[in-house]
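Peer 1: Sequence:
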Amino acid sequence: MCTLHPEEEAHLMAMASGGQPTRTGSPRPMVTASSAAPRSLFDVCWDDVLIPQVAVYLSLKDLFNLRCCSRTAQRFVEAALEKRQELHLSGNNTQNIDVAFRVLARCCQRLEVLHLACCRWLTDELLLPLLANNKKRLWAVNLNECINITALSLQPIIVECKELRVLKLSKCQWLTTGAVDALTLHQSKLVEFDISYCGAIGERCLIIFFRKLNKLTVLSLANTPSVTDQVLIQIGNYCRELEHINLIGCAAISDYGVHALTVHCLRLQTLLIRRCPRVTELSLAPLRQRRLYIDRSQPDVGLNAYNLNDFYPSDFLVY
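The sequence shown maps to residues 1 to 319 in the working numbering.
Since the hints were derived computationally from the structure, they do not count as laboratory data.
Please note that the accuracy of each hint is not assured.
[Stated by the list, open to error] The following label-pair restraints were derived from C-beta to C-beta distances:
1. D98 with R288: 45 to 55 Å
2. E243 with E203: 15 to 25 Å
3. S188 with Q85: 19 to 29 Å
Just so it is clear, CB atoms sit at the ideal spot from N, CA and C, and this is done for glycine as well.
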């Protein structure tokens, strides 16, 4: 009959009694639920489980409510905010939102997308710290209708956000020609740009801008007085990848400028052209044949009544 070694016998006895053997071979008492240390959600690994599998599905409101529960919850939420990649606060003008934004500006370190449109409470003092902590990763910034910031907040975006692809500045009356000149100098990767209702930008500034920013696919210039046929010619010559353009309310443009888009922007899919009285079916008809979306219905007018030479003066100045 086989004889067990003393250590093996002690091991079997420990298993039979529900305990675990110690290093000396003597059985260790079984740990019961009553004697175990209390466990909580925060004992689960934060970096591998809680943040990527739980925190990403919580809204900012949920995170701030959780942050108020305990010091551990506060540390967890701040760790989650540090790894957050997108921040959407557009239109949020609730009470004390500026206080919460200071927390976000301090904690967020890896933002890639920033949407702050129509935030009336936003100032340079609040925005600059957030930009300083996230300037290396940001590729999309939406500041549409942020009326209480200045071009000072735009400086780190222009100079230091080297991965910038999307920039929206609609109804930002503080946007000046100098700021667009700086954008022309430091940025070359923009694919989406919105400067609708920005009346302080000059025509010459836009002409130079579109000569360099030639990767644009989405462009909004609605109700921008400085948009003329000369500007559209430059867009047609250099922005060959353009797919969507908004020219609503650009009263200075005519068929001549739209024709430049027709000839050169062969990928164009959308043309918004309402309230442009000098643009007629003469230039829109070829685009309709390409099945573009045009926000103006086609009138019942015979195109043969127009002479193409009537709309293209020979002495037209091209920059």
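Peer 1: Against each hint, give a clear statement of whether it holds in the structure.
Peer 2: Results for each hint:
1. In this structure the hint that D98 and R288 lie 45 to 55 Å apart at CB holds, the actual value being about 49 Å.
2. Checked against the hint of 15 to 25 Å, the pair E243 and E203 passes, with Cβ atoms roughly 24 Å apart.
3. Under the hint 19 to 29 Å, the C-beta atoms of S188 and Q85, about 24 Å apart, fit the expected range.
The structure is consistent with each of the numbered hints, conforming to all of them.
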